[in-house]
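Going down the list, the protein sequences come from chains A and B. For the first sequence, counting from 1, position 50 maps to 50 in this note's numbering; every step adds exactly one. For the second sequence, counting from 1, position 443 maps to 443 in this note's numbering; every step adds exactly one.
Among these hints, one or two may not hold up.
[What the hints assert, rightly or not] Away from chain B, derived, C-beta distances all over 10 Å, residues of chain A:
hint, residue
1, K3
2, S11
3, Y27
4, I33
5, L39
6, K41
7, G62
8, G66
9, I76
[Unchecked claim] Here are the simulated distance ranges between beta carbons:
hint, chain 1, residue 1, chain 2, residue 2, range
10, B, V208, A, P56, 44 to 52 Å
11, A, A25, B, V208, 29 to 37 Å
12, A, A71, B, R313, 55 to 63 Å
[To be verified] If you want a taste of the chain B side facing chain A, the calculated C-beta under 8 Å gives, among others:
hint, residue
13, F9
14, M53
15, P497
Simulated from the structure, these hints should not be mistaken for lab results. We put the CB at the ideal spot given by N, CA and C, even for glycine.
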Amino acid sequence: MSKIILTVDDSASVRQMVKFTLSDAGYTVVEAIDGQDALAKLASPVNLVITDLNMPNLDGIGLIRGVRANAALKGIPILMLTTESQESRKREGKAAGATGWIVKPFTPQQILAVVKRVLG
Amino acid sequence: MIDKYRQAFDEEARELLTGLESALLELDEKRDDGEVLGRAFRALHTIKGSGAMFGFDQIAGFAHNLEAVFDRLRGGQLSATSDLIALSLAAGDQIKFMLDEAAGNGAADPARTAGIVAELHRLTGMAEPAAAAAPPSPAASGSTAGPAADWRIRFRPGPDVLLNGTNPLLLIRELRQLGELGVTVDTAALPPLSQLDAERCYLAWDMVLRTAAGREAIRDVFIFVEDDCQLSIEPLAAQPAEPDATAGPAAKPNTAEARAAAAAASSIRVSADKLDQLVNLVGELVAVQARLGETALRRDDPEILEISEAVERLTCALRENSMSIRMLPLRPTFERFRRLVHDLSVELHKEVELSIEGADTELDKTVIDQLNDPLVHLIRNSMDHGIETPDARRRAGKPPVGTIHLSAQHSGANVLIRVSDDGRGLDAEAVRARAVEKGLIAGSAPLSESEVLALILAPGFSTARQVTGVSGRGVGMDVVERSIEALRGSLEMASRPGAGLTVTLRLPLTLAIIDGLLVRVGEAYFVLPLANSLECVELTREDIRDAHGKHIANVRGDLVPYIRLAEYFGIQRAPPEREQIMVVETDHGHYGFVVDQVIGDHQTVIKSLGRLYRNVQLVSGATILGDGTVALILDPHRLVQNAIQTVGQASACRTISNRHFRSFKKENRIDGTQVKP
């Protein structure tokens, strides 16, 4: 059974790129447009969350905190998409419980390598 | 493949720009509205991020400047002015032109782009933010090819890594892809099951990786957990290119030299003084532990008891360990005698072979060191007095080559060392003649075998007809006996006239500590060596009555003679209803010692009694108990021997007068047992 990855981004182009890349590699990809949408979609099983940090309604940090506060989602890996200018946000994300990060801009190969690292 | 993304980006960016525009217009009305500022920021952020991703570097760079400004606006470090809003609107338009240019429609004016950026910096007072020089993202920094090297990687993840979604196994797997990996798991931090939290990580890993990849590539694997773990990556083999490689703690022992060094490290020379100190300290520790044990037992506090038991286990292990450090095999000592025997054979014109048995028996170093001289003496005696010349041997019907047999064997807490020869044995007549000559005995006195042996042990006694270069200079067996006694050992001789002499040395394994049984008689405490103790049986008044006054107990059908310690040592006390007999194995068979109470195991540091009591032979030392009381350590062999001698003298007296014997017994407060037939 292929692993399910939830990509959370308010940018459709980023979501698309993540989706194409990971689908090609054999993962099942579910999309969410922001943190709130993501929390709703996490009701069904998901193996990995890849989330942007800046999003309306509920941002990435809020999503990470939400996931970590939910006992049913214990230990699920969460990758955050950051830019280099967001060092403090990255730390905030780590503190909230993110597993790792992907620095934007990234290539399909990079995202695959990182997904493999946390998902196996 | 990228093209389809570019299309998607173009559409999205235009949408975002529309959103940005309306946000900016809104902002003109409510300057500090966080929600509006956030919308504008996110729009620019996404344009920047996605733009860079899909190859719109100019747009990304430009948007980055704007994003930085809005980040500060959002954070309240800047406030929106109408000039700034107007400039932002113009910037939005400029991004549109750039998108058009990328799509192949017209051209964006680079000067205008630069102008907007400069104006932005003027308005906000912000310097050009450091160019977002994309540092390698985790996976990007691939392996920098180089010669394969070994790295030691110590990885101890923080306790919460599992909760944060990290699976350490995957990291190790990823390392394995870099090269050849050896992994050792460290479970030292693992708590007992009852305290184990399944969601925490208690494990650590020690790995050796042989890879062509550099330190960065290895570090990169751990980039996500770096802050939450203890990680050390050190080169193992010396690499001139790596400056810190030489500082690496251990070079991999793959060269012959390194192996030799490792072999040398497996055994080190330590001065005997240090070992003695160690043993002394362990001895003190044993004493303190005994006190702790007794205190714990008295307090009856389960917690202290538990600790005390743990300390006892450790002390016991430590004691055995430090003792074993001092233990040496007898072989080197024994082997040295081959030369001695050879040289003496030549000198004495005798043919003698030395056979050795049990040379791997180990003894305390101190004992071995002091054993050499007595053994040399015994062997010289055998060669000189015992073994005959080849001619004499032939006449006696023996093979012309004599044999000296040197053997060692364990016997409880003792080691028995025997020197036996197949010579003529003790010449009772020669001993006697010599004794008369020396004035030790009257010429007519009859001599028993034991008296002959006793004479040999008299100071300055030698039967050698002449002073040879080998023996007979008046330094006799008494010196041997004294040095053996100094080692808390004993010496026995068994002579087979015409067939040889066997001298047996009984030596304690170690001098410092013994395992003993603590017993009580009245108010006095004694320690009996545990190695000799066989069992403990009850002695009731009925048993005493049934024995009709004889000091013999029936232990499962065996008759065991016993000694009442209370009477033996003249201890006044009201005898308890039930006494205990400690059955002890001695050189003379099984004997019982009657005590009031057997208290239990007692690891005992032997303290000497001091010079004043040097001649007290029944006691091999003393020890200090938990409450400070002194307990004497008994020597069961001597006790029994002493009792037998006394009774032997007594039975000799008995032939004269039975009543006299009784009074003798009473006077001496001795209650010997074995009644020789």
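Here is how each hint holds up against the structure:
1. Once the 10 Å rule is applied to beta carbons, K3 of chain A is consistent with being away from chain B; the minimum gap is 13 Å.
2. The claim that S11 of chain A lies off the interface is violated: its Cβ sits roughly 4 Å from the closest Cβ of chain B, which falls inside the 10 Å cut-off.
3. Non-interface call for Y27 of chain A relative to chain B: holds, since the shortest CB-CB distance, roughly 15 Å, exceeds 10 Å.
4. Every Cβ of chain B is farther than 10 Å from the Cβ of I33 of chain A; the closest lies at roughly 12 Å, confirming the non-interface assignment.
5. Its beta-carbon lying about 16 Å from the closest one in chain B, L39 of chain A satisfies the requirement of being farther than 10 Å from that chain.
6. At roughly 17 Å, the least C-beta separation between K41 of chain A and chain B is larger than 10 Å, which holds for a residue marked as non-interface.
7. Chain B leaves G62 of chain A outside its interface by the beta-carbon criterion, the shortest separation being 13 Å against a cut-off of 10 Å.
8. With a closest Cβ-Cβ approach of about 14 Å to chain B, G66 of chain A is found to remain outside the 10 Å limit, as its non-interface label requires.
9. The claim that I76 of chain A is not at the interface with chain B is violated, since a C-beta of that chain comes within 10 Å of its own (minimum 6 Å).
10. Remark: the range hint 44 to 52 Å for V208 of chain B to P56 of chain A is upheld by a beta-carbon distance near 49 Å.
11. Separated by about 31 Å at the C-beta atoms, A25 of chain A and V208 of chain B satisfy the suggested range of 29 to 37 Å.
12. A C-beta distance of roughly 43 Å is found between A71 of chain A and R313 of chain B, which places it outside the suggested range of 55 to 63 Å.
13. For F9 of chain B, the suggested interface contact is upheld, since its CB lies about 4 Å from the closest CB of chain A, less than 8 Å.
14. Restraint check, M53 of chain B versus chain A: the minimum CB separation of about 4 Å is within 8 Å; hint holds.
15. Interface restraint check for P497 of chain B: the shortest CB-CB distance to chain A comes to about 88 Å, outside 8 Å, so the restraint is violated.
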